[in-house]
Amino acid sequence: MADLLVTGGAGFIGSNFVHHVVAHTDHRVTVLDKLTYAGNRASLAGLPEDRVRLVEGDIADAELVDGLFAEVDAVVHYAAESHNDNSLHDPRPFLDTNIIGTYTLLEAARRLDRRFHHISTDEVYGDLELDDPQRFTEDTPYNPSSPYSSTKAGSDLLVRAWVRSFGVRATISNCSNNYGPYQHVEKFIPRQITNVIRGIRPKLYGKGENVRDWIHADDHSSAVLTILDRGEIGETYLIGADGEKNNKDVVEMILEIMGEPRDAYDHVTDRAGHDLRYAIDSTKLRSDLGWTPSFGDFESGLAATIQWYRDNEAWWAPAKDGVEAFYASKGQ
Numbered sequence: 001m002a003d004l005l006v007t008g009g010a011g012f013i014g015s016n017f018v019h020h021v022v023a024h025t026d027h028r029v030t031v032l033d034k035l036t037y038a039g040n041r042a043s044l045a046g047l048p049e050d051r052v053r054l055v056e057g058d059i060a061d062a063e064l065v066d067g068l069f070a071e072v073d074a075v076v077h078y079a080a081e082s083h084n085d086n087s088l089h090d091p092r093p094f095l096d097t098n099i100i101g102t103y104t105l106l107e108a109a110r111r112l113d114r115r116f117h118h119i120s121t122d123e124v125y126g127d128l129e130l131d132d133p134q135r136f137t138e139d140t141p142y143n144p145s146s147p148y149s150s151t152k153a154g155s156d157l158l159v160r161a162w163v164r165s166f167g168v169r170a171t172i173s174n175c176s177n178n179y180g181p182y183q184h185v186e187k188f189i190p191r192q193i194t195n196v197i198r199g200i201r202p203k204l205y206g207k208g209e210n211v212r213d214w215i216h217a218d219d220h221s222s223a224v225l226t227i228l229d230r231g232e233i234g235e236t237y238l239i240g241a242d243g244e245k246n247n248k249d250v251v252e253m254i255l256e257i258m259g260e261p262r263d264a265y266d267h268v269t270d271r272a273g274h275d276l277r278y279a280i281d282s283t284k285l286r287s288d289l290g291w292t293p294s295f296g297d298f299e300s301g302l303a304a305t306i307q308w309y310r311d312n313e314a315w316w317a318p319a320k321d322g323v324e325a326f327y328a329s330k331g332q
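Per UniProt numbering, residue 1 is the first one in the sequence shown, and the count goes up by one each step.
Incorrect hints may have been included.
To be verified - In the EDC-like style, the derived pairs of lysine to aspartate or glutamate whose C-alpha atoms are separated by at most 16 Å in a straight line are:
| id | residue 1 | residue 2 |
| --- | --- | --- |
| 1 | Lys248 | Asp270 |
| 2 | Lys284 | Glu63 |
| 3 | Lys207 | Asp270 |
| 4 | Lys203 | Asp90 |
| 5 | Lys330 | Asp90 |
| 6 | Lys245 | Glu209 |
| 7 | Lys203 | Asp249 |
| 8 | Lys248 | Glu299 |
| 9 | Lys248 | Asp266 |
| 10 | Lys330 | Asp249 |
| 11 | Lys284 | Asp61 |
| 12 | Lys34 | Asp61 |
| 13 | Lys207 | Glu138 |
| 14 | Lys34 | Glu63 |
| 15 | Lys284 | Asp249 |
| 16 | Lys203 | Glu260 |
| 17 | Lys187 | Asp321 |
Don't read these hints as lab results, they were simulated from the structure.
Hey, can you work out the whole structure from these sequences and the hints?
Here is the structure:
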């Protein structure tokens, strides 16, 4: 048994990790979350109170962070401002959370000698051409294209520097696009699913040719737990499940699974600087640490996700109208 601190544990990927830890280990978890619009207490509902504690606070609050680090054995750092569209509208929160927040956590890990795992994204590598046979590896140079991805790249570099300069016991993982339960309705897949549930036509940026490498959040969680347990200090591991799909195919698959015509969607103005293609090569994680994904079939994982949103409208409904009003104001 260990005591874990999970930053951003009331957000989408973080809350899925907390559920995974409770289901598959005997660890106790303290969640530190600022509970901005992307964090939701309801995402942790039903978890045992003797194993999961929620602390509302900012990862940039050094005094609070030091106190929580003193109580745990290891830290998994999910907390981040993570929505590309929001970063284009107002970059400053991304600097405050992704750079200053990560710095604050690393300093606590250094002072208290705590095991630290940093969650990052494949977006730090920029994008690939649609017909490029290559995929991202741990050696791919960073080439971020948005305020979001550039601040995540900066946070990765801070972790590497604190390992080399101060001996912090840290690892990094860069993951492809996640889908699954508890994802905010501003994001691509849940937005389209909840649109169909509400009788609204899904919206597709541009021609929908942009490719993402999808992984179910539970597979991401199992990979992170594997790295935390067996990863080599100072190493970076790429997490992916060979789930490359273009956005057009994803929208049409959602419509088909939900019993609607495959062409029942609208094209909207493309996002500025929209990356073309992400693709992850997770060979190192699989060969060195023995990890494999459980959801090898994207369509079955998507069907399970659709059913979760059908069954949990009370969770996502409060945010839906505001999200659609925001996109409507931008013609999207």
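Now for the hints, and whether the structure bears them out:
no.: 1; hint: Lys248 / Asp270; result: holds (13 Å)
no.: 2; hint: Lys284 / Glu63; result: violated (37 Å)
no.: 3; hint: Lys207 / Asp270; result: holds (8 Å)
no.: 4; hint: Lys203 / Asp90; result: violated (23 Å)
no.: 5; hint: Lys330 / Asp90; result: holds (15 Å)
no.: 6; hint: Lys245 / Glu209; result: holds (9 Å)
no.: 7; hint: Lys203 / Asp249; result: holds (13 Å)
no.: 8; hint: Lys248 / Glu299; result: holds (14 Å)
no.: 9; hint: Lys248 / Asp266; result: holds (11 Å)
no.: 10; hint: Lys330 / Asp249; result: violated (24 Å)
no.: 11; hint: Lys284 / Asp61; result: violated (35 Å)
no.: 12; hint: Lys34 / Asp61; result: holds (11 Å)
no.: 13; hint: Lys207 / Glu138; result: violated (30 Å)
no.: 14; hint: Lys34 / Glu63; result: holds (15 Å)
no.: 15; hint: Lys284 / Asp249; result: violated (29 Å)
no.: 16; hint: Lys203 / Glu260; result: holds (14 Å)
no.: 17; hint: Lys187 / Asp321; result: holds (14 Å)
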